[in-house]
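Knowing the structure of chain B, use the given hints to seat chain F on it.
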Amino acid sequence: MEEKPVNKTNSNGYTFMFAVIMVVVVASVLAFTATSLQPIQNVNVREEKMQNILATVGVDSVEVDGVPTFLSREMVQEYYDKFITQSLALRADGSVDESVNAFKVDLAKELGKPVEEQIYPLYIANIKGEKYYVIPLRGKGLWDAIWGYIALKDDLNTVKGAVFDHKGETPGLGAEITKVWFQHRFENERVFDDEGNLVGVSAVKGSLGNSNKEDNRVDAISGATITSKGVSNMISERLKHYLPYFKKQEGFKVAIQ
Amino acid sequence: MNTDRKLTSEEKEAKKKEMIMFLSSSEEKEHFLSKQNRKLISDPLNDNNPITVQVLGICSALAITVQLEPAIVMAVAVIAVVAFSNVIISLLRNMIPNRIRIIVQLVVVASLVILVDQILKAYAYDVSKQLSVFVGLIITNCIVMGRLEAFALGNGAWKSFLDGIGNGAGYGLILIIVAFFRELLGSGKLFGYEVLGHRAATVADSTGLYSIGYENNGLMLLSPMALIIVGIIIWVQRSRNRKLIEEN
Chain B
1 MEEKPVNKTN SNGYTFMFAV IMVVVVASVL AFTATSLQPI QNVNVREEKM QNILATVGVD
61 SVEVDGVPTF LSREMVQEYY DKFITQSLAL RADGSVDESV NAFKVDLAKE LGKPVEEQIY
121 PLYIANIKGE KYYVIPLRGK GLWDAIWGYI ALKDDLNTVK GAVFDHKGET PGLGAEITKV
181 WFQHRFENER VFDDEGNLVG VSAVKGSLGN SNKEDNRVDA ISGATITSKG VSNMISERLK
241 HYLPYFKKQE GFKVAIQ
Chain F
1 MNTDRKLTSE EKEAKKKEMI MFLSSSEEKE HFLSKQNRKL ISDPLNDNNP ITVQVLGICS
61 ALAITVQLEP AIVMAVAVIA VVAFSNVIIS LLRNMIPNRI RIIVQLVVVA SLVILVDQIL
121 KAYAYDVSKQ LSVFVGLIIT NCIVMGRLEA FALGNGAWKS FLDGIGNGAG YGLILIIVAF
181 FRELLGSGKL FGYEVLGHRA ATVADSTGLY SIGYENNGLM LLSPMALIIV GIIIWVQRSR
241 NRKLIEEN
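Taken in order, these protein sequences are the chains called B and F. For the first sequence, the UniProt record's numbering begins at 1 and goes up steadily by one. For the second sequence, the UniProt record's numbering begins at 1 and goes up steadily by one.
Next up, chain B with everything else stripped away, as it sits in the complex:
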């Protein structure tokens, strides 16, 4: 008696084994690639972080032989060392933790810890005699994390500049927060209101354009309300952590009219 010809690829056992082997092979290939490329990617991320910190204080291009040149990632380390004079790791009470390298602090991880254990990095830039405080930001957009940096001038109230970035916001809508035209709106805005309360800068509808720098508000992005709110929340929430430190500074003179 002859056996019926069975197509082996359709049996349950074969299908199951195929799936298992495929998953193992694919997982090892991907894990190997990800691990071996990690060091190069980390250098990129590090250089971009320095670029962003410098961009918030207005150093996004530098003069090379008298010609303004885009500050590329190859050049960034030199200018970072030149302009960023201090990197502080602050505890929640505003004291400086000397044992921590502020540049290596992962804000996302810190925000997951209990408040008393959190460390907040602060970069102090000194450009042509002007002192700026660069504060890293992290918050939630519509789809995923958003982050960035905001630089305050010496009075610890006026914004020098801001840079935002995102992980998965919609291109053309929420992702517009990475564009210069949106980030420019934050320049010279104030983060304290007239009573001296920390309110940050909120991105809302109808803030009378870019000329009004008195109301702690900028125009939001149409079609990206949730991402715009995310940016506002991120600024006010992160700045709060720095209040204890700000209050200790000599330059802290909130303009209350």
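Hints are supplied without guarantee of correctness; some may be wrong.
Unchecked claim - Cross-link-like lysine-lysine pairs, in silico, DSS-like; alpha carbons within 27 Å at most:
1. B:Lys179 / F:Lys189
2. B:Lys49 / F:Lys129
3. B:Lys109 / F:Lys121
4. B:Lys104 / F:Lys121
5. B:Lys140 / F:Lys129
6. B:Lys179 / F:Lys121
7. F:Lys129 / B:Lys167
8. B:Lys109 / F:Lys189
9. F:Lys121 / B:Lys140
10. F:Lys129 / B:Lys104
11. B:Lys167 / F:Lys121
12. F:Lys129 / B:Lys179
13. B:Lys49 / F:Lys121
Worth flagging that the hints you see were computed from the coordinates, not collected in a lab.
The following block gives chain F in isolation, referenced to the frame of chain B:
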């Protein structure tokens, strides 16, 4: 004489094996770049273009064609993903259980996309940031799954590879044409270099075309313009190639 003959027959054997590696056993032996195989590459560039004729993969064509550089990187990424997923699926086609074949295809495409994404993040970081979610979204590009289902499951590895290259290139060609016009007319640049002259604050200070009052067309930078340019390409292509016009 004798040794010569032996060598040639050995060489023949080696060649045969090589052919079998590339071609499936059911296929007839044919030259690597025979007329039929060349058609696999040339067809998707024109008569069977994935974007203009099959109208697939439009979404990324709209999003990343503002500048030439990301468009070219995206084109290369898609070519690599289609070609290699085609080859892998074609090699496995007699082993893949029919019931889970779509899942297998997805896993292959997804892992290739992750590989491409990781490589871009390591070696072309700035472009990978511009492309943002679109590299990851290659997996949803209908061209890729379409080629796997329609071609790789029924053809040998070499043919599938050519088919993948052809379709990827057909997609990339349209992307590059669209990006060329959008970057040139939208920002007066190509690859970031100012080719139409430098635009200063006033007309008097500007050089090149800007000195005679030329203005960049801001509409070119918005996504809808990509759709319009794709439409124009389809129009031009069909007016030159009558057999593409559907009879109704």
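Hint by hint, which ones does the structure fall short of? 8
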